[in-house]
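**Q** The numbers in this note's numbering rise by one with no breaks, and the one at position 67 of the sequence shown is 68.
Keep in mind that the hints were calculated from the coordinates and are not lab data.
Mixed in with the good hints there might be a few duds.
Capping the alpha-carbon separation at 16 Å, the derived lysine to aspartate or glutamate pairs in EDC-like fashion look like this [as the list claims (entries may be wrong)]:
1. Lys76 with Glu89
2. Lys44 with Asp107
3. Lys65 with Glu89
4. Lys44 with Glu89
5. Lys47 with Asp62
6. Lys87 with Asp62
Just the calculated beta-carbon pair ranges, DEER-fashion [what the hints assert, rightly or not]:
7. Gly66 with Ser119: 32 to 42 Å
8. Thr105 with Ala24: 31 to 41 Å
9. Gln114 with Asn84: 13 to 23 Å
10. Ser57 with Gln14: 15 to 25 Å
11. Pro101 with Ala15: 15 to 25 Å
12. Asp59 with Asn84: 15 to 25 Å
13. Pro88 with Gln2: 32 to 42 Å
14. Gly16 with Arg102: 36 to 46 Å
15. Gly16 with Pro101: 28 to 38 Å
16. Asn74 with Ser119: 34 to 44 Å
17. Gln2 with Lys87: 18 to 28 Å
18. Gln40 with Ser85: 14 to 24 Å
19. Thr69 with Val6: 30 to 40 Å
C-beta: ideal position from N, C-alpha, C; glycine also.
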Amino acid sequence: QVQLVESGGGLVQAGGSLRLSCAASGGSFSSYVLGWFRQAPGKERKFVTECWSSGSTDYVDSVKGRFTISRDNTKNTVYLQMNSLKPEDTAVYYCAARSPRRGTFDYWGQGTQVTVSS
Numbered sequence: 002q003v004q005l006v007e008s009g010g011g012l013v014q015a016g017g018s019l020r021l022s023c024a025a026s027g028g029s030f031s032s033y034v035l036g037w038f039r040q041a042p043g044k045e046r047k048f049v050t051e052c053w054s055s056g057s058t059d060y061v062d063s064v065k066g067r068f069t070i071s072r073d074n075t076k077n078t079v080y081l082q083m084n085s086l087k088p089e090d091t092a093v094y095y096c097a098a099r100s101p102r103r104g105t106f107d108y109w110g111q112g113t114q115v116t117v118s119s
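Work out the full structure: start from the sequences and follow the hints.
**A** In structure tokens:
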């Protein structure tokens, strides 16, 4: 089992930056695909980005060039650096983990709120 705990959310003005962290315990962290999802009020949870053990990354188009996912396997932590934030980035952000052999994320954090004011 993998436990994930996010931190770093908060309130920021449009154009500002935040860095989210997600600390993991249990499981084989270094081999997992790590991802970030977000859920805006009244909407479904959606994929934002993921990072493979190789360092390869994917991003949803709306955050490309603004968000950066990174991982530190020595600290069992994944980060999401968010720059040039927009009000439409407001959401609860969740980190997630999966085995590279699986297509769906099996492990989820509790979420952290990010609010971007205009």
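**Q** Against each hint, give a clear statement of whether it holds in the structure.
**A** Consistency of the hints with the structure:
Restraint check for Lys76 and Glu89: not satisfied, since their Cα atoms lie roughly 31 Å apart, outside the 16 Å limit. Proposed proximity of Lys44 and Asp107 is contradicted: the alpha carbons are some 21 Å apart, above 16 Å. At roughly 14 Å between alpha-carbon atoms, Lys65 and Glu89 fall within 16 Å of each other, so this suggested pair holds. In summary, the hint linking Lys44 to Glu89 is supported, as the alpha carbons are separated by about 12 Å, within the 16 Å threshold.
For the suggested pair Lys47 and Asp62, the alpha carbons sit about 12 Å apart, so the restraint of at most 16 Å is met. Of the supplied pair hints, the one linking Lys87 and Asp62 holds, its CA atoms being roughly 14 Å apart against a limit of 16 Å. For the pair Gly66 and Ser119, the beta carbons lie near 20 Å from each other, so the given range of 32 to 42 Å is not met. A beta carbon spacing of about 22 Å between Thr105 and Ala24 contradicts the range 31 to 41 Å that was offered as a hint.
Range check, Gln114 to Asn84: about 18 Å between beta-carbon atoms, so the 13 to 23 Å window is met. Look at Ser57 against Gln14: about 33 Å separates their beta carbons, and that is not inside 15 to 25 Å. Checked against the hint of 15 to 25 Å, the pair Pro101 and Ala15 fails, with Cβ atoms roughly 36 Å apart. Distance hint check: the CB atoms of Asp59 and Asn84 are about 18 Å apart, consistent with the given range 15 to 25 Å.
The beta-carbon spacing between Pro88 and Gln2, approximately 36 Å, falls within the hinted interval of 32 to 42 Å. With their beta carbons about 40 Å apart, Gly16 and Arg102 fall inside the hinted range of 36 to 46 Å. Separation of Gly16 from Pro101 is about 36 Å and conforms to the stated range, judged on CB atoms against 28 to 38 Å. The beta-carbon spacing between Asn74 and Ser119, approximately 37 Å, falls within the hinted interval of 34 to 44 Å.
Judged by the Cβ atoms, the range 18 to 28 Å given for Gln2 and Lys87 is violated: they are separated by roughly 36 Å. Distance hint check: the CB atoms of Gln40 and Ser85 are about 21 Å apart, consistent with the given range 14 to 24 Å. The hinted range of 30 to 40 Å is not satisfied by Thr69 and Val6, whose Cβ atoms lie roughly 20 Å apart.
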